[in-house]
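Novice: Next come the chains, spelled out residue by residue.
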Amino acid sequence: MSKKQKKVLWRILIAAALLVLLLLLPLTGWLRFALFLIPYFVIGYDILIKAFKGIVNRQPFDENFLMAVATVGAIALGEYTEGVAVMLFYQIGELFQSYAVGRSRRSIAALMDIRPDSANLLGEDGEITAVDPDEVEIGSIIVVRPGEKIPIDGVVVSGDSSLDTAALTGESIPREVRAGSEVISGCINLSAPLQIRTGREFGESTVSKILDLVENATSRKSKSENFISRFARVYTPAVCYSALALALLPPLVNLLLGRGADFTVWLYRALTFLVISCPCALVISIPLGFFAGIGGASAQGILIKGSNFMETLADVRTIVMDKTGTLTRGSFEVSGVHHASLEDKQLLELAAHAEALSTHPISRSLIRAYGSEPDGTRVTDVREISGQGVIARVDGREVAVGNAKLMRAVGVEPIDCRSVGTVVHVAIDGAYAGHILISDVIKDGAREAIDALHEAGVTKTVMLTGDIRAVGEDVAKRLGIDQVKSELLPADKVEAVEALLAESQKGETLAFVGDGINDAPVLSRADVGIAMGALGSDAAIEAADVVLMDDDPRKIAKAIRISRKCLRIVRENIWFAIGVKLLCLALGALGLAGMWAAIFADVGVMVLAVLNALRALNTSRL
Amino acid sequence: MKKSYKIEVDCANCALKMEEAAKKTEGVKDASVNFMALKMTVEFEEGADVKATMEKVLKNCRKVESDCEIAF
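Chains as they are written, first to last, in my numbering: chain C, 6 to 627; chain Y, 90 to 161.
Pulled out of the complex, with its shape left as it was, chain Y reads as follows (with noise of 0.2 Å):
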């Protein structure tokens, strides 16, 4: 399953690693930041609950940029 969030982050090397951080989380599968559309396409492993999942996704975006958000 795909989904697609809105992010709030500042610089274009940020969304990178808001990327890699993303992409690295349990329960996501792959997962893509569109900088200049200001979206994150996440697309869950089988089985993976949304809520859940997407909170670890900002868990761990926070981690590598503290001021960045993801509206989910």
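Chain C with its partners taken away, still in its complex shape (with noise of 0.2 Å):
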């Protein structure tokens, strides 16, 4: 607690005391007058003098000044211990308010407890010096012991250690590194120490980044918010005015129709909507329960950017899903080995050792599927033929990798492969010796991530790709996706996704998942744009409403049940708010609902609103 909130306390407790012996007291007349003003203004003082400065301000609506007005016509009246009631719950109300969000708003701090406190810097001399990481400059070496965070974006210098992502991703796979590994700040070093030459200042590093983007993620207002501004705006005055009017026309009606005025009930009434006035657990409760939900995503690794994305991907009925990098690996790899004349391995091992010198991305898959690295001595006569393959003489044999043209060309009949991906033949001494298939490698998880996607009320799924049509179906259909459309140039993304937006129902949203590196405007486009696997790319983190800091595609399944719990939350605050304080002023105006009431329903309310908003936090197990 603050020092400003333990005194607002003390001053509850002392006034709550005197309140209760006062009560105990037979006192009557002037006496008890004048006692019971000592504690009302031991709980109050603050308030009637914000009251007055409100007055000298023009500000008919201060709650302060609401609050002064009930009360101080509550003693008015005679009803001395309501009046000090009605203040004290009131100040109660507000300690809880202030102490609650204050804390809420610490515990999400320690959610994004990603900021470091200090960079080691390594001096010309070998000396370690503490500084803050904002004074490091580019290219200087820092150190980062084990249990360290590292502060800042660079490379590796030295050293050899695993780094803990957790969090960063909300995944604990640790990562390894060595000497020439891009790092980046955030990630916890975990095993030895070890030496970064920066690559970045702090404030365009990673973590700086991500924090800037969650802090200001809730200026980003959604509807529910403007909503509820609106609704405040108009709320108190509405309430105010309704007072005014319920003190003074029932009692004209009365005497008009010639019966008692009872101007003191009506009064007394009139007051009780004064203390209702305060909109306040609507207005703490929206905000803190958006916070609370883009706080409890970003510990699951998923950045949300505002409380309107929130609002939007709860809505979410339509996916768009780029197939390279968010359902694939996009790394190609050996998936098979048809036809072969001997065993498979000796046949991938002449391939690799063939494609040796070749950087193409298919000769780098077949010398991964090799397992180690070629024997560049075994290999003479390397011949490279554009667009077709290599010719080589590998242990003193004429190997030939390529495609179905080099087989011809070699005067061999290549046989056609069923499966679908990219194919490589072999033949060997001038006789076919099988082909290789290599293709996408779907990602783990990628089936279970379309399945949760169709559990979280999304009806249609639909996959964009650049490649064949074949390969396109093959992954859909593994996957068990809606739709696809294949052989898109980047610009047809972009229109496949209006064609799809103008399909989609009133009130249904269209989310497009990528990788973030070449589908910048199809990420703007779509209603909400989601980049994956952006730890460490910038352009994805710009460019992205939604940011999944790792590639895991069953992410988007959990970002759009956190965004629907956020929402349920909040809805059911903003109902159950209004809810009771319309009971409320409806029963007060009725006479069966007293100041005490009106009070429990005010502070109880915002309390109940709170720890509910507060239920958002809570994503772990969605």
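Certain hints may be false.
[Unchecked claim] Heads up, simulated DSSO-like pairs for lysine-lysine below, C-alpha to C-alpha not over 27 Å straight-line:
id, chain 1, residue 1, chain 2, residue 2
1, C, Lys58, C, Lys9
2, C, Lys55, Y, Lys113
3, Y, Lys112, C, Lys226
4, C, Lys214, Y, Lys91
5, C, Lys214, Y, Lys128
6, Y, Lys128, Y, Lys118
7, Y, Lys145, Y, Lys92
8, Y, Lys128, C, Lys226
9, C, Lys511, C, Lys448
10, C, Lys58, Y, Lys91
11, Y, Lys145, C, Lys11
Source of the hints: derived by calculation from the structure; they are not laboratory data. Fair warning: this is a prediction, and the values are worked out from it, not measured in the lab.
Please assemble the complex out of the two chains, which come individually in their own frames, going by the hints.
Specialist: What follows is the structure in structure tokens.
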């Protein structure tokens, strides 16, 4: 608790004790009035001062002013206990609000505890000094000991260690790094000290960007927040004018009808209205709910750039996904060896050696599948034939590796492959030796991810790809994707998304998921753009509305579930708070609820709404 | 030009009122108060004197919420 809060707490305790004491004493008349003023001023003096300032500044609907009118009115009517109690509970409510908000602000900050306190700068003389990360220049060498956070993005100069990326991605699979590896700030160094040459200033590093993004996320307001702002603007004046009407009209009508005016009864009811006139419960719980939801999501490695995107995400019915990098790994791998006239492994060995000097992605994947670096001394007479493949002598045998055209060129008839992918044929000494199938690999969990999306209420999943139709349809079928559009150029993807947007119903939204590298136009065209695998990619963080820090496609459905939960909580709070207030107004007008009920409704609703809002923070089991 | 400032305010409704007051200040094109982050983002009109405008913003905010604070 802050000093200010402690002071209020003491005042509450003293005033409450005095109030109880006075209720037990048999007091009457002026003495009773005078004594009741003591707890009243103890608990309410600052409200009265603020109310006075409100009048000076011509702010008629200032809640301090309204509270002052209600309590002074109650005391004037002889309801001393109620006057003091209303002030007392109002202060308790305010204290709880500021305490709860402060706590949640800190707990959310703790979730995002990736800000480094200092950087260990290595001087030219070999001495290490701890400095503010802001002061480290690009190209400096910093030392990160085991257990410390990497403060600034850079490249490892020396040291072998593993990094824990959990704070950034929500996943705790350690990542191995050695000299030459690029590392990003926010990761925790686990095993051995590292020396890192910084590649950026602190302000441009991943940690700063992420913190900036999360801290500013709640500045983009959602429809619910705007609704509440508008509601709050009309609510207080409306209740105040109703109070005025309630104080004057019924007594006048009574007078005209020749009955007793009952001024005090109606005045008391009007004062009850003033007690309920503060829209605090609503105004606090809605942004708090979104803030907690965004904080909870970021603990899972999902950064949502604004409350408005959370709202859009909750209504997603169509998900459009890019294939490469989103659902598939985007790295080509050998997925099969067919019709081989010798052992599969031997065929791969010969093919890998023939392609040893090539840097083409296909050659690289052959070498990866072979498992070790090819021995260059076994290879002679390498001839690369552009657009066809390679012919080389490996261990004295002539090995031709390439497409069907190359096979025919060396006088061999290739056998077609029935599977989908890139086919590499191999001929040895002028005889067909089989073919190797190379295809993009579907990510682990991609199938589950699509199923989870359907479960989360997504009605249409669409995959866009620049790949040929056969590959696209094959991947879509294996993943259970509803619709696939293949052979698209980057510009076609925008058109495809626009066509889908035109088809979607009102109140339903469309999300596009991509790797954020060359799909920025599509990301911004969709209702909500999701970039994945964004760790270390600024372009993706800039372009997208929602950023998944790692490249696990299952996080898409998780982001939707988190948003749904958050929105549900926010709506619950809106209806609950408005409902209870309206109920109390109705009962108050009829004389069925007095000031006690009113103040309990006001403070109690706020406490419950705040506690409910904090549920949005809990996202680990979604 | 946009700038953001740290603010001190106790209740959410007061933060809303500060936002309203800041928006209506001369030289301010748009303003937004983030109660959870305790930050005020002000977009200034072209050619506006930032310091003088912020003094006016603070004065207007004090009118609606007497014990608020803006660090600028």
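Novice: Between Lys58(C) and Lys9(C), does the CA-CA distance stay at or below 27 Å?
Specialist: holds (20 Å)
Novice: With the threshold set at 27 Å, check whether the alpha-carbon distance from Lys511(C) to Lys448(C) stays at or below it.
Specialist: violated (33 Å)
Novice: Hey, Lys145(Y) versus Lys11(C), does the alpha-carbon distance stay inside 27 Å?
Specialist: At roughly 32 Å apart (the allowed maximum being 27 Å), Lys11(C) and Lys145(Y) break the hint.
Novice: Below or equal to 27 Å on CA atoms is what counts here, so check Lys55(C) against Lys113(Y).
Specialist: Judged against 27 Å, a Cα distance of about 22 Å means the pair holds.
Novice: Does the structure keep Lys58(C) and Lys91(Y) at a Cα separation of 27 Å or less?
Specialist: violated (31 Å)
Novice: Are the Cα atoms of Lys214(C) and Lys91(Y) separated by 27 Å or less?
Specialist: holds (18 Å)
Novice: Between Lys112(Y) and Lys226(C), is the straight-line Cα distance small enough, at 27 Å or below?
Specialist: holds (16 Å)
Novice: Holds or violated: are the alpha carbons of Lys145(Y) and Lys92(Y) at most 27 Å from each other?
Specialist: OK: Lys145(Y) and Lys92(Y) at ~15 Å, within 27 Å.
Novice: What's the verdict on Lys128(Y) and Lys118(Y), does the C-alpha distance respect the 27 Å limit or exceed it?
Specialist: holds (17 Å)
Novice: For the pair supplied as a hint, Lys214(C) and Lys128(Y), confirm whether the alpha-carbon distance does not exceed 27 Å.
Specialist: holds (17 Å)
Novice: Please work out if Lys128(Y) and Lys226(C) have their alpha carbons no farther apart than 27 Å.
Specialist: Distance of about 14 Å is within 27 Å: holds.
Violation of the numbered hints given earlier is confined to hints 9, 10 and 11; the remaining hints are satisfied by the structure.
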